[in-house]
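Novice: Below, each chain spelled out in residue letters.
Protein chains: 2
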Amino acid sequence: MEQIKVTEFSLCPKFEKAFTILGKKWNGLILDVLLEGGPQRFVELANNVPEVSDRVLVERLRELEREGIVTKESNLYRLTEKGTDLEKSLISVKNWSEKWITPEECS
Amino acid sequence: MEQIKVTEFSLCPKFEKAFTILGKKWNGLILDVLLEGGPQRFVELANNVPEVSDRVLVERLRELEREGIVTKESNLYRLTEKGTDLEKSLISVKNWSEKWITPEECS
Chain A
187 MEQIKVTEFS LCPKFEKAFT ILGKKWNGLI LDVLLEGGPQ RFVELANNVP EVSDRVLVER
247 LRELEREGIV TKESNLYRLT EKGTDLEKSL ISVKNWSEKW ITPEECS
Chain B
187 MEQIKVTEFS LCPKFEKAFT ILGKKWNGLI LDVLLEGGPQ RFVELANNVP EVSDRVLVER
247 LRELEREGIV TKESNLYRLT EKGTDLEKSL ISVKNWSEKW ITPEECS
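For the protein sequence lines, the chains are A and B, in the order given. For the first sequence, the working numbering assigns the number 187 to the initial residue and increments by one for each residue that follows. For the second sequence, the working numbering assigns the number 187 to the initial residue and increments by one for each residue that follows.
I should point out that these hints are in silico values taken from the structure, not numbers from a laboratory. Some clues are possibly wrong.
For chains that are exact copies, the list does not tell them apart, and a pair is met inside one copy or across any two.
[Stated by the list, open to error] Computed cross-link-like contacts, EDC-like style, restricted to lysine to aspartate or glutamate with a CA-CA straight-line distance of at most 16 Å:
no. : residue 1 : residue 2
1   : Lys285    : Glu259
2   : Lys285    : Glu253
3   : Lys203    : Glu222
4   : Lys280    : Glu222
Okay, chain A solo, but in the shape it has when bound (with noise of 0.2 Å):
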């Protein structure tokens, strides 16, 4: 078999840190409720994913922020272009994972 070019992706595996950012825990939730709600204050997204702690929604929210995922004005969080243009991307792996992931293997 010939051998696949895979050097300039091998090079920067970017999409293993996109992944990385999409598989941290409530993030994938965090940004559902951004896409399907819109733009939201602390409280409402506080009461839209009531499973997490203030605590941890604070800081996800800050890293999301420093990812320029998400951003904050005037006490508002929204999505920004790059965290809207991850839409596609959720809804696809949501497809798969709907299929494809049995309930036992949910954590």
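Using the hints provided, position chain B relative to the given structure of chain A.
Specialist: What follows is chain B alone, placed relative to chain A:
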């Protein structure tokens, strides 16, 4: 704002599980090589992901086998239906990261 219904989703954060598998170092690259190159012997696979040591490659392949994403038959590693079904998600996240993750952010 009306409260968003996230109960079903949040009860079983399946897609965190999916992202965790995909975000693990080298898994994206291994899947990419299997998607593009088709079924391969270990030595071919190792040639196509030369940055990964044999020890780590064996480890990752075993994990992917346990997850039902890769299967080994007559010494050929191939993607299962569950694995092949990941293509859309991989492409989508790859496109996103190509657009949004800067080279400086790659580790």
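Novice: I'd like to know which numbered hints this structure contradicts. Please list them from smallest to largest.
Specialist: Numbers 1 and 3, in rising order.
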